[in-house]
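J.: Here is how the chains run, residue by residue.
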Amino acid sequence: MNTQKEFGEPGYLDYKGRYKGLFSWIFSTDHKRIGLLYLFSILSLFAIGATLGLLMKFELIAPGKTIMGPQAYNAFFTLHGIVMIFAVVIPGLPAVFGNFLLPIMIGAKDVAFPKLNLFSWYLYVTGVVLVIISQFAGDGPPDTGWTFYAPYSFRTTGTMLPAVFGAFVLGFSSILTGLNFLVTIHRMRAPGMTWLKMPLFPWSLYATAWVQLLATPIIGITLLMVVAERTLHIGFFDPSLGGDPLLYQHLFWTYSHPAVYIMILPAMGAISEIITTFSHKTIFGYKFMVVSVLAIAFVGYFVWGHHMFTSGMSGTALYTFSLLTFLVAIPSAIKVFNWISTMHKGSIDLQTPFYWAIAFIFVFMIGGFSGLILGSLAANVHLHNTNFVVAHFHFIVFGGTGFAFFGAMHYWFPKITGKMYDKTWANIGLILFFIGFITLYGPMFYLGFKGMPRRYFDYDEVFHAGNIISTMGSWVLYSGLAIIIINLFASLKGGAKAPSDPWGGKTLEWTIPSPPPVENFTETPVVTKGPYDYKQV
Amino acid sequence: MYSTTATDASNFVSTFNTSFYFIAGISLLLLIGLTVIMLYFVFRYNNKKNKVAVQNEGNTRLEIIWTVIPILLAIAMFYYGWAGWKPMNKAPKDALKITSVARMWSFSFQYENGKQSPDLVIPVNTPVKLNLVSLDVIHSIFIPAFRVKSDMVPGREKMMWFLPQTVGDFDLYCSEYCGLRHSYMNATVKVLSNEDYTSWYADSSKVITATEESVPGAEGLKIMINQGCNACHSSDGTKIVGPSYMNLYGEKQVVIREGKEVTVTVDDEYIKRAINDPNSEIVKGYPKGLMQSYKATLSDDDISKIIEYMKSLNDK
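Sequence lines, in order, name chains A and B. Just so you know, the first sequence maps onto residues 1270 to 1806 in our numbering. Just so you know, the second sequence maps onto residues 900 to 1215 in our numbering.
I should point out that these hints are in silico values taken from the structure, not numbers from a laboratory. Here the structure is a predicted model, which is why all the values come from computation and not from measurement. Backbone N, C-alpha and C fix where the C-beta goes; we use that ideal spot for every residue, glycine too. Warning: the hint list may mix true and false statements.
As the list claims (entries may be wrong) - Listed next, the in silico DSSO-like pairs over lysine-lysine satisfying Cα-Cα at most 30 Å (straight line):
(1) B/996 - A/1719
(2) A/1804 - B/950
(3) B/950 - A/1719
(4) B/992 - B/950
Stated by the list, open to error - Computed footprint of chain A on chain B; a stretch qualifies when at least three of its residues, placed anywhere within it, have a C-beta under 8 Å from a C-beta of chain A:
(5) 908-918
(6) 932-942
(7) 957-970
(8) 973-982
(9) 990-1001
(10) 1019-1028
(11) 1129-1139
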């Protein structure tokens, strides 16, 4: 961390501002410090969510009660879902790596609205605190699942209001981050960085930001309607008050399906960066990569109905949503083809982030293909609400976004901390994580195919074998995760000093010291070349 | 008329299979193919073997090829799914009509002659049309062996149909999360031969109708079944979610009222309180907050009928 000695500017980690200690973080409007605030909040919540998952899997190792009763199990999967979706995966890549790297990668000193950026984190923490309150206040923790489906969410005696309001506040945090990024990208790109000279990670954040800005208000108003219905008994969704439960599902998925693209688009952006850097080769089909990100974000708005194929929509709605669901897969396929083509005739440096990237492509393909099966009407009728769906979305959300998150972590760790990590342990952690992941979620495809519904506390003996394998996978996955995290923390103290460009990357973040100085650039960079210019090497 | 060559459990097994295996097959080929190519590139072009990368910014013709071919495949996949689903949408006119009622946390099946059954008993090779009713929250009726599923939405008319093709017992699950005992909300589909079904259907010994007022407590039992009380309160001494009704009337119970343990006698007044304001007094050893008040749904007259039924369960 000798950024000051070598470059005459203190690194952002050493900078002495108005406040000291903890206050120098929670009152900081530096996008890099805010990125790290998010990183630590998200990692802590991820640890909670993952532990809940581990315990749920342990409960399912045998039929009947193993370690908890049905009420506890239902509360566990509800909290697991709320924490993982709203507080970990949705903010995950944009709030952590987006905050830290977006301004740097486009050659800016900060985001457009630094104070609003800090306020977004405060909102995030407030939302999380509300969700935590819901666990301890009232008659018991919420037990509706993260989807809060009506009318069950009006019947349960679990403490719904703080949880629902917490999700509402988390939504606002997401909207403001999106708005901030949009303005930053439109207004603050370095001189010469035209739209088509912008790297793909900022492009993916741009598409994501539009989804955050336009789709999140829908969940906001929906959750407020739930609050109004519970407190004022206005009949929006509960049929006993004259409401329509399907209206709730439409509104919920109108946001929550685009939300899947909030989760996966930045992941795709990060993977694009990693593959080109370690292949030492410009990305194959840059323009098609840009167009496909925008296409996914756009078409992604119109496929929410595929969550409701058995709910009782009209036939026309069903096949329209089914067809659109198949079409939204096309841009994702184009991305996979381009990633693999980028490796062709490259000079591939086999480092940990690259292994994460190819593992990502593999699990993402399985997630995508199983999504095609679920998009098919005849197949969906059987597989909907079974373990097959649980396996599918864990392959996309945990396999896709999770693998990309850890890949990004190992890719940008030297830049963020100024330290290198132990590669052997990083790779051991990755291998265990990968094996555990496949063993945990793979059998759930089979269980769902055989007819085991999701959110089942107990099950018939026919589903026993698959559940045993799946539970054992969770142990391997969890140990891999522990090794990865411990290794990174250990490297903070014992790791070697990171050079400014440890991987031979070409984007702007690799042109400044590690860790970056407070103002990122001593001189505003002028961009004259495309983002992945390897020609001179 | 409904002859089939295969021994599938229902007519929708083969359409599901076509759609599932068509997509899964193509997907598996692509998954293996792309993974092998990717791993080959990683091996062949790693920087030990290939010191300098050959720059290549892209190839528009390739991009068009790998956009158009997946679109065609996707449309074919969509077609099989649509074609397999379409017949599910329209039940044959001569289908056997059964009303399926779901509530937290049990199914019951009501036949046209007034017969009621906790299991779905149906004749083989006859199309069956289920009229789906939910009394409280959203449930979903799912028969994996038949590859059929439909949500049961309160306040909405819905139907599901299928043609059972093999005699035997099949599992039926609730597949939409509905609370505490969601994973226990299941039933058995009993597909009988036509003769067996006819005699089962004609056997009215288990039918409770309003005319049979001679059975003690029959009216109360009917109210109980309609309100779904029996999903949580057994009549045979088994502990489900709440206390069993067997040998309960007139007994002493320890309840928790405002945080203090109090002993009460189960009499008419107590039962009325327990139905109308269930969470004010919780029987010791049972969780709070699971039962809602039935004040709006049950009249005092209904409650006295239920009490009659409870009395009939003493000394069994």
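J.: If you test the structure against every hint from before, which numbers come out violated?
T.: The structure breaks hints 3, 4, 9, 10, 11; every other hint is satisfied.
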